[in-house]
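Chemist: Using the sequences and the hints given, assemble the complete structure.
Protein chains: 2
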Amino acid sequence: ALVAHLQHHYAQASSPTTGGHQTRLSCASSQATVQDNVDQTRDKLRITITAGPTREPLDPVRYLSNHSSGKMGFALAEAAVQQGADVTLISGPVHLPTPEGVTRLDVDTAEQMLDAVLKALPSTHMLIGCAAVADYRAATVAEHKIKKQSQNGDELTLHLVKNPDIIATAAARGQAKFVVGFAAETQDVEAYAEDKLIRKKLNAIVANDVSDPTIGFGSDENRVTLLSRRGEHIIRQPLPQASKAALSDTLIQQLISLYDQHHSS
Amino acid sequence: ALVAHLQHHYAQASSPTTGGHQTRLSCASSQATVQDNVDQTRDKLRITITAGPTREPLDPVRYLSNHSSGKMGFALAEAAVQQGADVTLISGPVHLPTPEGVTRLDVDTAEQMLDAVLKALPSTHMLIGCAAVADYRAATVAEHKIKKQSQNGDELTLHLVKNPDIIATAAARGQAKFVVGFAAETQDVEAYAEDKLIRKKLNAIVANDVSDPTIGFGSDENRVTLLSRRGEHIIRQPLPQASKAALSDTLIQQLISLYDQHHSS
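These protein sequences, in sequence, are chains B and P. Under the working numbering, the first residue of the first sequence carries the number 144, and numbering increases by one thereafter. Under the working numbering, the first residue of the second sequence carries the number 144, and numbering increases by one thereafter.
Heads up, a few of these hints could be off.
For the chain B half of the interface with chain P, some residues (derived, Cβ under 10 Å), not all of them [said to hold, decoys possible]: (1) R189; (2) S208; (3) S211; (4) A275; (5) D278; (6) E298; (7) L301; (8) I378; (9) R379; (10) P381; (11) A385.
These aren't lab readings, by the way, just hints derived from the structure by calculation. Everything numeric in this text was worked out from a predicted model, so none of it was measured. No residue lacks a Cβ here, since even glycine has one placed at the ideal position from N, Cα and C.
Modeler: Okay, here's the thing in structure tokens:
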């Protein structure tokens, strides 16, 4: 029933000039058909997804990064296209092909990712922050390669400053109707996720335990719990372990359902 | 003439039981042929090459690394196999296929790379240190993901300690007859290279300017200067800019020639 509902709402909008839908409109005037198509384009669900790690340069050759492969974000983008959404994928440096039908923007740093997200926001219904954004960047980026000799002794102290919180910044703008975060943690995963959900004023958050090497970062499988807010309550939906592709299908369908409930309430 | 000399010395040894060589030995006794083949296997030039970056973990998800793609080291390995050498490639995390005929060992950190190199050294004639080894690693690796909340304020200080110097450690052991370093720099490239050559007691060093984005890290082309020692003198050979594959052919031939001169002197 959910899938049928989604198909009614969004999937047909993905190809407004072809298929059964066009047939249903064939008795309308030419003017009305155009108007209807414009409205459908406007109604088409627009989802922006961030994916992959960010890289924060220390000097021209060195950087700080993390083990995110981008697989989960890319699988979500593919699943969202299959649900008939218009998908923009903002990706850090990864080695993955762009899923068909997805508009992809490549960035390196958290600041570049924030810029890209803020530009996409006004035309975004749902923002899914799946990227593993580096929390910190170098306080100053050295213009030339840092030399071992330039430091006395065998130690180097690196001064880092906090990066902007992309998903919280986006949620605070209130432009996207529905903002979804990810919490990739190695301990107390759901507690951290619940805290993030409330503190960053998100609509939903995907809690992801990355301490298990058989799931999460770099792996092809994943197991997550979806936490969402309904008024004062937090709804927990544990999803079964599955390939990132299969899990993404379930997750996108659940998120679109939550978006619909949120949108109609 | 150089290539002919190399072929005489090494290339035939790569297939001791086939080709013209076997024909030349056909009049010898069976016992002598086996003995000769064993000597040739012993004579075959064994080259160990390090390639790619190293990754130094900060916690289970974050790491320090650099922009080395591994392309130069992998191209050198391929060129060395073509020159009839027995090649071991010790590689950091890269996205490259293993060249045919190459024995590949994958490592993550500088300490793992040092272990692999030291194990390979006793059976190595020539060591080429092409990897962009991280100079520093975290003083302590956090068992769980470092939380933003655990730090007061918006800054984080990272304490790093110096990594082992793989090529200098290997050169000091005196096990490989010929040790070649790489100096990837963004300024004063040849001055730094000359200093490294002498200070680390290498036989040769490849000076690589990585400040130009059209060559060096991640690029398919490269331009280098080969510096080598002949007694008290330093010989400089600038090589023309070329694809990493073509440049590797030239470089490997020059290095084998230098090895021969060194070996016979």
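Chemist: Each of the hints needs a verdict: does it hold here or not?
Modeler: Going down the list of hints, with the structure as the test:
1. Taken as an interface hint, B:R189 does not check out: its beta carbon lies about 30 Å from the nearest beta carbon of chain P, beyond 10 Å.
2. Evaluation of the B:S208 hint against chain P yields a held restraint, the C-beta minimum of about 6 Å falling below 10 Å.
3. Annotation: B:S211 was flagged as interfacial toward chain P, and the flag holds, the nearest CB pair being 8 Å apart, inside 10 Å.
4. Checking B:A275 against chain P by beta carbon gives a least distance of about 7 Å; that is within 10 Å, so the hint holds.
5. Taking 10 Å as the C-beta contact cut-off toward chain P, the hint placing B:D278 at the interface holds, the least distance being around 5 Å.
6. Checking B:E298 against chain P by beta carbon gives a least distance of about 6 Å; that is within 10 Å, so the hint holds.
7. Residue-level restraint check for B:L301 holds (minimum Cβ-Cβ distance to chain P is 4 Å; threshold 10 Å).
8. Using the Cβ-Cβ criterion of 10 Å, the hint placing B:I378 at the interface with chain P is not satisfied: the shortest such distance is roughly 25 Å.
9. With 10 Å as the threshold, the beta carbon of B:R379 stays out of range of chain P, its nearest partner Cβ sitting at about 22 Å, so the hint is violated.
10. About 21 Å separates the beta-carbon of B:P381 from the nearest beta-carbon of chain P, more than 10 Å, and the hint is not met.
11. For B:A385, the interface hint is violated, the least distance from its beta-carbon to any beta-carbon of chain P being 22 Å, above 10 Å.
Hint compliance for this structure: hints 1, 8, 9, 10, 11 are not met, and every other hint is.
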